[in-house]
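Enquirer: What follows is each chain in one-letter form.
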Amino acid sequence: MAIGELLFEMTEWLRTTPLVEFSLWVSDWPLCIWLQSHFFAIPIFQAIHILAIAILFGSTLLLGLRVLGLNATDQSMVDNYRRYQPWIWGGVLALVASGIVLLISEPVRNMVNPIFWMKMGALIVAITVSLWFLGAVRAQAASWDVSPGGQASVRTGAVALIVLWCVVMAGGRWIAYAPV
Amino acid sequence: MNSLWTSLEGSTLGTTIASSEWLFPTIETLHVIAIVSVVGAIAVMDLRLLGIASRNRLVTAISRDTLPLTWIAFACAVVTGLLLFVSKATSYMVNPYFLVKMGLLLLAGLNMAAFHMFTWKGVARWDGTIAAIPPAAKLAGLASLVFWSLIVLCGRIIGFTLGIYH
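Going down the list, the sequences are from chains A and B.
Each residue of the first sequence is one higher than the last, beginning at 1 in the working numbering.
Each residue of the second sequence is one higher than the last, beginning at 1 in the working numbering.
Please keep in mind that the hints were generated in silico from the structure rather than gathered at the bench.
The C-beta atom is built at its ideal place from N, Cα and C for all residues, glycine as well.
Careful, some of the hints might be misleading.
[Claimed, not checked] Short, incomplete list of chain A residues facing chain B, as computed with Cβ under 8 Å: (1) 44; (2) 51; (3) 55; (4) 57; (5) 72; (6) 74; (7) 83; (8) 85; (9) 166; (10) 169; (11) 170; (12) 173; (13) 174; (14) 175; (15) 177; (16) 178.
[What the hints assert, rightly or not] Listed next, with one range per pair, are the computed distances between beta-carbon atoms: (17) A:131 / B:64: 23 to 31 Å; (18) A:13 / B:102: 38 to 46 Å; (19) A:132 / B:136: 38 to 46 Å; (20) B:159 / A:148: 40 to 48 Å; (21) A:2 / B:135: 55 to 63 Å.
[Claimed, not checked] Derived coverage of chain B by chain A (criterion: at least 3 residues anywhere in the stretch with Cβ under 8 Å from a Cβ of chain A; other residues may be distant): (22) 25 to 37; (23) 53 to 61; (24) 65 to 71; (25) 104 to 114; (26) 139 to 153; (27) 156 to 164.
With the sequences and hints as input, model every part of the structure.
Expert: As structure tokens, this is what we get:
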């Protein structure tokens, strides 16, 4: 499979970078050793990581569906935005915090792994698009239902965000299957 | 019973998924996205029942906002979950965390059914008033959050323990 070979090449390249030495150094951190030596520690932090993205993705989906006019159309856009915006950023915070713990729990498997870095790339894009999207919804919320103009890009943003977070989740699952 | 799981695993569907390099992780990915959507949607309803979020929107409105998404995502989780199960049926059936996960799923379903059969009948009295939410509704919301969190946790532990039980 061509993709498999490409990923393998990327891993070979990652092996020539200082990431190897750095990840080996992190492997000696007391936190890493503690996480590695307690059987339930990693699955518990993985569950927290999944619950964080559930809050974030659920909120993004419901706000996105409202933007697309497919859900909660009897609620004002201002109220819908106020309901979900704080939970999206709270979710991002919990996601990143639990993600850092997971990164430390298996430093080599993550840092010397092309899929991990692809996931990080997708994550940065998803957070950037979220910043723009939430800013645009906020700016147009008050006039959303009375003067529906200039909404095409916001609607496109809603779809793009849902797809982007799915790509991030797929990356998370495939870290375990990288050909290393 | 044992032979049922063995024959499921040996079916064309089971062996196709098990022997493919990419099918199992692809179905797993869809399973994760589905469960994340189920938990995300259900949490919105649970947090409203607890009076924590969506405080200025009717409980019945939040129910309408979240139920279609919950059911569509749950259907996807069940289909993908069954496909994963078929490919390694015997390993799952001897895994205690898988059996606990199925038990928790049943409890989450019973909790929801009991809530809709009894507590939901009087929703008109507390639909828009946070202070009037009955303890039974709050308990149902809290129990749902706990059950679903544990379902996610068991799902993760299965990933570390599949194949160590016989």
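Enquirer: Decide, hint by hint, whether the structure agrees.
Expert: Against the structure, the hints:
no.: 1; hint: 44; in the structure: 7 Å, holds
no.: 2; hint: 51; in the structure: 6 Å, holds
no.: 3; hint: 55; in the structure: 6 Å, holds
no.: 4; hint: 57; in the structure: 5 Å, holds
no.: 5; hint: 72; in the structure: 5 Å, holds
no.: 6; hint: 74; in the structure: 7 Å, holds
no.: 7; hint: 83; in the structure: 6 Å, holds
no.: 8; hint: 85; in the structure: 12 Å, violated
no.: 9; hint: 166; in the structure: 6 Å, holds
no.: 10; hint: 169; in the structure: 5 Å, holds
no.: 11; hint: 170; in the structure: 5 Å, holds
no.: 12; hint: 173; in the structure: 4 Å, holds
no.: 13; hint: 174; in the structure: 6 Å, holds
no.: 14; hint: 175; in the structure: 10 Å, violated
no.: 15; hint: 177; in the structure: 5 Å, holds
no.: 16; hint: 178; in the structure: 10 Å, violated
no.: 17; hint: A:131 / B:64: 23 to 31 Å; in the structure: 30 Å, holds
no.: 18; hint: A:13 / B:102: 38 to 46 Å; in the structure: 43 Å, holds
no.: 19; hint: A:132 / B:136: 38 to 46 Å; in the structure: 43 Å, holds
no.: 20; hint: B:159 / A:148: 40 to 48 Å; in the structure: 46 Å, holds
no.: 21; hint: A:2 / B:135: 55 to 63 Å; in the structure: 59 Å, holds
no.: 22; hint: 25 to 37; in the structure: holds (count 8)
no.: 23; hint: 53 to 61; in the structure: holds (count 5)
no.: 24; hint: 65 to 71; in the structure: holds (count 4)
no.: 25; hint: 104 to 114; in the structure: violated (count 0)
no.: 26; hint: 139 to 153; in the structure: holds (count 3)
no.: 27; hint: 156 to 164; in the structure: holds (count 4)
Figure legend: structure checked against the earlier numbered hints; hints not met, in rising order: 8, 14, 16 and 25.
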